[in-house]
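Student: Below are the chains, spelled out letter by letter.
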Amino acid sequence: DAGVIQSPRHEVTEMGQEVTLRCKPISGHDYLFWYRQTMMRGLELLIYFNNNVPIDDSGMPEDRFSAKMPNASFSTLKIQPSEPRDSAVYFCASSSTLVNTGELFFGEGSRLTVL
Amino acid sequence: GQNIDQPTEMTATEGAIVQINCTYQTSGFNGLFWYQQHAGEAPTFLSYNVLDGLEEKGRFSSFLSRSKGYSYLLLKELQMKDSASYLCAVRRWNSGNTPLVFGKGTRLSVIA
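First to last, the sequence lines map onto chains A and B.
Position 36 of the first sequence, counted from 1, bears residue number 36 in the working numbering, the numbering being contiguous throughout.
The working numbering runs 1000 ahead of the 1-based position in the second sequence.
Bound-form chain A, shown alone (with noise of 0.2 angstroms):
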């Protein structure tokens, strides 16, 4: 079975360009989630979703973030503008309700460097 696919894996650009994070669940999961992780911070907690409607998105850093899930396999983090302090790896991750444990399942994660 195929996991969390996130793209890019990796991704430079200078401050203030556009950057668009990708991920598609694993089929059937309900529950999409968006973690940030740096080293001073660890895993931070951004967004998520469930059956494609936000619940809480109280992480987002600020207005420059947005987050999107037009249908159940798919997922967008926004950054616009970006700036240097955005560098860090963005993970998402998805889980089902059918699970007992309800645990997380990550994609590989895309590392963000912004100059």
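Just so you know, the hints here were simulated from the structure itself, not pulled from any lab data.
Glycine residues also receive a C-beta, built at the ideal position from the N, C-alpha and C atoms.
There may be inaccurate statements among the hints.
Unchecked claim - Facing chain A, from chain B, some residues (calculated, C-beta under 10 angstroms): (1) N1030; (2) Q1037; (3) G1040; (4) E1041; (5) T1044; (6) Y1048; (7) Y1072; (8) L1087; (9) A1089; (10) R1091; (11) N1097; (12) T1098; (13) P1099; (14) L1100; (15) F1102; (16) K1104.
Assemble chain B onto chain A, guided by the hints.
Tutor: The following block gives chain B in isolation, referenced to the frame of chain A:
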């Protein structure tokens, strides 16, 4: 609010046993998770505790005390491939798959 504490780094010898502790203070509790993350890779699920006690899974065991807000991950017969970061995470609410709140992780180095 929530606060999850675990040691930043630990070193242990191949073949030995190591215990990684985690303490938490969260508003609401619905399970504690341990994840393993090798450098440059995604976190992968190791264990889940929702009731007090010990859960054993091969060389790995995880313990939970809800009254003390305390958990530990026990790794036995350490192997070099166990060198990784170990993340403690708590699910706060009691309905649905609400998000996990993660600690900053413990970087374990296994030496020969």
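Student: Please verify that hint: N1030(B), Cβ, nearest Cβ of chain A, below 10 angstroms or not.
Tutor: holds (9 angstroms)
Student: Hey, does the T1044(B) contact hint survive, CB to chain A under 10 angstroms?
Tutor: holds (7 angstroms)
Student: Does E1041(B) pass the interface hint, meaning its C-beta sits closer than 10 angstroms to a C-beta of chain A?
Tutor: Hint holds; E1041(B) Cβ to chain A Cβ min 7 angstroms, cut 10 angstroms.
Student: Holds or violated: L1100(B) as interface residue toward chain A, Cβ cutoff 10 angstroms?
Tutor: With a closest approach of 6 angstroms, the L1100(B) hint holds.
Student: Could you check if P1099(B) really has its C-beta closer than 10 angstroms to a C-beta on chain A?
Tutor: holds (5 angstroms)
Student: Taking the closest Cβ pair, is F1102(B) under 10 angstroms from chain A?
Tutor: Holds, about 4 angstroms.
Student: Is the shortest C-beta separation between Y1072(B) and chain A less than 10 angstroms?
Tutor: violated (18 angstroms)
Student: Given K1104(B) was flagged as interface, is its beta-carbon under 10 angstroms from a beta-carbon of chain A?
Tutor: holds (4 angstroms)
Student: Given L1087(B) as an interface hint, is its Cβ closer than 10 angstroms to any Cβ of chain A?
Tutor: L1087(B) check passes; min Cβ-Cβ to chain A is 7 angstroms, inside 10 angstroms.
Student: Do the numbers back the hint for N1097(B), that is, is its least Cβ distance to chain A under 10 angstroms?
Tutor: holds (4 angstroms)
Student: Classify the hint on A1089(B) as holds or violated, based on whether any CB of chain A lies nearer than 10 angstroms to its CB.
Tutor: holds (8 angstroms)
Student: Less than 10 angstroms between beta-carbons is the criterion; does T1098(B) satisfy it with respect to chain A?
Tutor: holds (8 angstroms)
Figure legend: structure checked against the earlier numbered hints; the only hint not met is number 7.
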